[in-house]
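Using the sequences and the hints, build the whole thing.
Protein chains: 2
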Amino acid sequence: MSSVDHERAGFIGRGWKWLKGSIVKCRDKVVEVARKTKKLGQDDPRRIIHSLKAGLAVSLVSLLYYFKPLYGGFGVSTMWAVLTVVVVFEFSVGATLGRGLNRGLATMLAGALGVGAHYLANLPGRTAQPILLVLFVFLLAAAVSFVRFFPKMKARYDYGLLIFMLTFCLVSITGYQDKEVLDLAHKRLSTILIGSFTAVFVSICICPVWAGDDLHKLVSGNVEKLGNFLEGFAGEYFKVPGDGESRDNKTFLQGYRSILTSKNSEDSLTNFARWEPRHGRFRFRHPWKQYQKIGSLTRQCAYHIEALRIYPYPDIQAPAEIQRQIQDACTEMSTESGKALKELASAIKSMTKPSSVNTHIVNSKTAAKVLKFLLKTSSCEDFVLLEVMPTAMVAAQLVEVVTCVEKIAESVHELASLAHFKDAKPEQKPALGQPQQLQQTMQQFSGIEGPHHIITINGSSAVLPEVSIQECGTVVHVTNTDIIKGSKAKTNVREMRQYLSF
Amino acid sequence: MSSVDHERAGFIGRGWKWLKGSIVKCRDKVVEVARKTKKLGQDDPRRIIHSLKAGLAVSLVSLLYYFKPLYGGFGVSTMWAVLTVVVVFEFSVGATLGRGLNRGLATMLAGALGVGAHYLANLPGRTAQPILLVLFVFLLAAAVSFVRFFPKMKARYDYGLLIFMLTFCLVSITGYQDKEVLDLAHKRLSTILIGSFTAVFVSICICPVWAGDDLHKLVSGNVEKLGNFLEGFAGEYFKVPGDGESRDNKTFLQGYRSILTSKNSEDSLTNFARWEPRHGRFRFRHPWKQYQKIGSLTRQCAYHIEALRIYPYPDIQAPAEIQRQIQDACTEMSTESGKALKELASAIKSMTKPSSVNTHIVNSKTAAKVLKFLLKTSSCEDFVLLEVMPTAMVAAQLVEVVTCVEKIAESVHELASLAHFKDAKPEQKPALGQPQQLQQTMQQFSGIEGPHHIITINGSSAVLPEVSIQECGTVVHVTNTDIIKGSKAKTNVREMRQYLSF
Numbered sequence: 001m002s003s004v005d006h007e008r009a010g011f012i013g014r015g016w017k018w019l020k021g022s023i024v025k026c027r028d029k030v031v032e033v034a035r036k037t038k039k040l041g042q043d044d045p046r047r048i049i050h051s052l053k054a055g056l057a058v059s060l061v062s063l064l065y066y067f068k069p070l071y072g073g074f075g076v077s078t079m080w081a082v083l084t085v086v087v088v089f090e091f092s093v094g095a096t097l098g099r100g101l102n103r104g105l106a107t108m109l110a111g112a113l114g115v116g117a118h119y120l121a122n123l124p125g126r127t128a129q130p131i132l133l134v135l136f137v138f139l140l141a142a143a144v145s146f147v148r149f150f151p152k153m154k155a156r157y158d159y160g161l162l163i164f165m166l167t168f169c170l171v172s173i174t175g176y177q178d179k180e181v182l183d184l185a186h187k188r189l190s191t192i193l194i195g196s197f198t199a200v201f202v203s204i205c206i207c208p209v210w211a212g213d214d215l216h217k218l219v220s221g222n223v224e225k226l227g228n229f230l231e232g233f234a235g236e237y238f239k240v241p242g243d244g245e246s247r248d249n250k251t252f253l254q255g256y257r258s259i260l261t262s263k264n265s266e267d268s269l270t271n272f273a274r275w276e277p278r279h280g281r282f283r284f285r286h287p288w289k290q291y292q293k294i295g296s297l298t299r300q301c302a303y304h305i306e307a308l309r310i311y312p313y314p315d316i317q318a319p320a321e322i323q324r325q326i327q328d329a330c331t332e333m334s335t336e337s338g339k340a341l342k343e344l345a346s347a348i349k350s351m352t353k354p355s356s357v358n359t360h361i362v363n364s365k366t367a368a369k370v371l372k373f374l375l376k377t378s379s380c381e382d383f384v385l386l387e388v389m390p391t392a393m394v395a396a397q398l399v400e401v402v403t404c405v406e407k408i409a410e411s412v413h414e415l416a417s418l419a420h421f422k423d424a425k426p427e428q429k430p431a432l433g434q435p436q437q438l439q440q441t442m443q444q445f446s447g448i449e450g451p452h453h454i455i456t457i458n459g460s461s462a463v464l465p466e467v468s469i470q471e472c473g474t475v476v477h478v479t480n481t482d483i484i485k486g487s488k489a490k491t492n493v494r495e496m497r498q499y500l501s502f
Numbered sequence: 001m002s003s004v005d006h007e008r009a010g011f012i013g014r015g016w017k018w019l020k021g022s023i024v025k026c027r028d029k030v031v032e033v034a035r036k037t038k039k040l041g042q043d044d045p046r047r048i049i050h051s052l053k054a055g056l057a058v059s060l061v062s063l064l065y066y067f068k069p070l071y072g073g074f075g076v077s078t079m080w081a082v083l084t085v086v087v088v089f090e091f092s093v094g095a096t097l098g099r100g101l102n103r104g105l106a107t108m109l110a111g112a113l114g115v116g117a118h119y120l121a122n123l124p125g126r127t128a129q130p131i132l133l134v135l136f137v138f139l140l141a142a143a144v145s146f147v148r149f150f151p152k153m154k155a156r157y158d159y160g161l162l163i164f165m166l167t168f169c170l171v172s173i174t175g176y177q178d179k180e181v182l183d184l185a186h187k188r189l190s191t192i193l194i195g196s197f198t199a200v201f202v203s204i205c206i207c208p209v210w211a212g213d214d215l216h217k218l219v220s221g222n223v224e225k226l227g228n229f230l231e232g233f234a235g236e237y238f239k240v241p242g243d244g245e246s247r248d249n250k251t252f253l254q255g256y257r258s259i260l261t262s263k264n265s266e267d268s269l270t271n272f273a274r275w276e277p278r279h280g281r282f283r284f285r286h287p288w289k290q291y292q293k294i295g296s297l298t299r300q301c302a303y304h305i306e307a308l309r310i311y312p313y314p315d316i317q318a319p320a321e322i323q324r325q326i327q328d329a330c331t332e333m334s335t336e337s338g339k340a341l342k343e344l345a346s347a348i349k350s351m352t353k354p355s356s357v358n359t360h361i362v363n364s365k366t367a368a369k370v371l372k373f374l375l376k377t378s379s380c381e382d383f384v385l386l387e388v389m390p391t392a393m394v395a396a397q398l399v400e401v402v403t404c405v406e407k408i409a410e411s412v413h414e415l416a417s418l419a420h421f422k423d424a425k426p427e428q429k430p431a432l433g434q435p436q437q438l439q440q441t442m443q444q445f446s447g448i449e450g451p452h453h454i455i456t457i458n459g460s461s462a463v464l465p466e467v468s469i470q471e472c473g474t475v476v477h478v479t480n481t482d483i484i485k486g487s488k489a490k491t492n493v494r495e496m497r498q499y500l501s502f
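Protein chains in written order, with the numbering used here: chain A, 1 to 502; chain B, 1 to 502.
Treat the hints as calculated values from the structure; they're not laboratory data. Note that CB positions come from ideal geometry on N, CA and C, so glycine has one too. Possibly wrong hints are sitting among the right ones.
To give an idea of the chain B side of the interface with chain A (calculated C-beta under 7 Å), a few residues [what the hints assert, rightly or not]:
#1 Ala-54
#2 Phe-74
#3 Val-76
#4 Leu-105
#5 Val-137
#6 Phe-149
#7 Ala-424
Covered by chain A, per the in silico footprint, the following chain B stretches (three or more residues, Cβ under 8 Å) [to be verified]:
#8 163–174
#9 213–221
Below, the structure is given as structure tokens:
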């Protein structure tokens, strides 16, 4: 073989290698895109339905071209109908309605204003007309551009303002050449209305996606995620991990993280939901803003939980007595808060008034108070600060979480009354003997061994709970004059109340 | 006066009252809107300039209508130029360019595809044509609607995809009636290019607003805000407040809060900045993504600071010795981190490599280690847990903040090398005798009273600092073989190293 042959073979070989490499790369790329596409569709099958609906809406409106009478009537303006469908058709009914209404109303107003400007500019005479028109356009465009900076206008009417500016310019300027300015305005309006109507019709009538439904599910789902975390947290946190078991991999310990970044979705869903008519269980003027409030409180709570994660796991091979007591109180706080949140989530989901939430909140608050009492009274002689620190810090964060949960409960109650949720079964009184470990702790501090004295807080008032002592089932209120039955506990209970006071 | 007169007088009186009330309300509303408008303009005067520029761009393109030859050439299509300017013209150059390019390219591609579809549909014959065309439109609209769900496509090409769908529908369908489908495609493309060019021209040539500049300022400003907070925090926190002095009202203690919600602005500015050409100090392909990274680390740090706020102020009328020592270490950590962040911010601003940052980071890390040492060794006999808790918890959060600051410094160094920042003066060695209070603490634990022994960490290596002992100005490295000068400190220092190890 000559050197030229060699070179040629080398060249062909390299070319073949490159070609093969490219084909493999291409195939990998295609496989990856196919995988992603499948995942997108599986994550939310409504996306596929939406795409088909979009195709249908555009096809429907394009039929306008095939009906001679209509096409003869609208002429070139028919394309505005197609254009409108393409830009107005959105994923949810609320978004589609919002854009459609914005577009329709803005076109109507700007069309009228454009015709007015056109006639006004005609008054001084033919020469001044173009100058006046350009001046009008300049002023209006500048003014509307500035109005778009107002945050409230930006949130709800940004698209309308854009279309307003656009239609005004088109109608007032085109009029200079096209004498039939009224006709233009009329055609533009009609076709845009036809387009908007088609988009809204398809959006509502075929498998509608309601932004309100999504918001409802998102917010109740987030509250539930928090509840799952809190219910499982303390058990996981204070447990000695087994071999090969990693605590960070538990799904319910990670689930809440999506809440940290859900603000945008909530805001836009609220915005869309407000455009939606009565549907399903939601009336017109459903208090959507309240969901935003619950959402932001949920996020606040999630920030505290995020802060919990930085604390190292406590070394609990042989916890000191005080540490064990703190851990018990933490477990109680966390579990009861979690139960309360899960109750609230299911109340939102089923749109019934939350029933036994207050019980759980009262239990968790009692635990918080016991904890404060423990921290105040115990001087830590037999261990160093670093050992008890993680537990104490988790405790401090959990106290904050309990406050957050109470606020969430309040705003869910508010939602329930605003949205006229159905009544559920009457509220349960705090169950007797439920917080076992707290009872023991309290006994130890109050020095009562025999009858079961439990400190609970009357659950009937969520805002200003009264401290009460429950003795063998008899509830005795601790008032300012300290009329206390069970004389043995008297002094200790008084001391305790001092610490338990908010 | 008859009863009718009375009634009439009452009616007029009520009417007058209502009218007066309405006028007052109306006046108040107008005053409020005027106030808000003024504030919007004052907050960022570029908004006023933008509005004027928008007016100018639209006026410029509307002149097309007044030049007969051009109007004759483009006919009704001239309006596409106006439409393009209105929808493409955005606040920053990057956003305008991004939309303009998206619109131009999408029109070009979809136009070609539309013409192709038109001819393809013509092949089987006149009857099948409309059916085929509607089918094409349906398939393309459905496919593009689905592609818009891909997050990457949504972020950068959403507008282009919309325009692609729109143009394809217009060109392919209009062709059924209008034989001059090629002409339509050509006119639409030309006018859209004219519109895009006008918008981009006005945007770049008259007081351009560069998204890149804004991003640069936003990120460096956020780092600076954190620095201000940390520098001032410890002093404010551990200070006994004077009469009528509220600690929460200090501006620098609130400034960082805007960082918590700045993610959206950063993301969209990064997106826009990537469309921008070389300008000012920024080359084409400036590493904008790195700003996003620094921004997210800054936000992480801000979350920790937000968590700091929940801790109650410590009762520091007469702090115990251990508490005082912890507070000293906290002050050192906080102040040095703050200084490091402010250095980093000014390095980003001036686009020079940060010089003395490592010194501050090393100082704050030393303080963190001293703190861990204090927490590990001190058993707290003379005070109860609740008293030392706030200080200890603040300390724990500050340790996290120090870690965060180190990460921020690393990513700023990365930015400096990616963006070829200018060299600054050579790095300073840690100043002698700077951490006074730490020195005292260390002395106490190492039992050295006479010569000034300071534990510092060699600032030359940011990744793996070496522990060294500085004695009367002579730096002696503590290596694995523990060659230590100053025999008295030997055992204690060895013990200390054990705790100081990462």
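These are the hints, each one checked on the structure:
Against a cut-off of 7 Å between C-beta atoms, the interface hint on Ala-54 of chain B holds, since the closest Cβ of chain A lies about 4 Å away. Interface hint at Phe-74 of chain B: violated, since its Cβ lies 11 Å from the closest Cβ of chain A, which is beyond the 7 Å cut-off. The interface hint given for Val-76 of chain B is met, as the beta carbon of that residue sits about 6 Å from the closest beta carbon of chain A, less than 7 Å. Annotation: Leu-105 of chain B was flagged as interfacial toward chain A, and the flag is violated, the nearest CB pair being 17 Å apart, outside 7 Å.
This hint holds: Val-137 of chain B has a C-beta 6 Å from the nearest C-beta of chain A, less than the 7 Å allowed. Because the closest C-beta pair between Phe-149 of chain B and chain A is about 5 Å apart, less than 7 Å, the hint holds. Here the hint on Ala-424 of chain B is broken, as its CB sits about 34 Å from the closest CB of chain A, past 7 Å. Against chain A, the region 163–174 of chain B contributes 6 residues with a C-beta closer than 8 Å to a partner C-beta. That satisfies the three-residue criterion, and the hint holds.
For a cut-off of 8 Å, the count of residues in the region 213–221 of chain B with a CB near a CB of chain A stands at 0, and the three-residue condition is violated.
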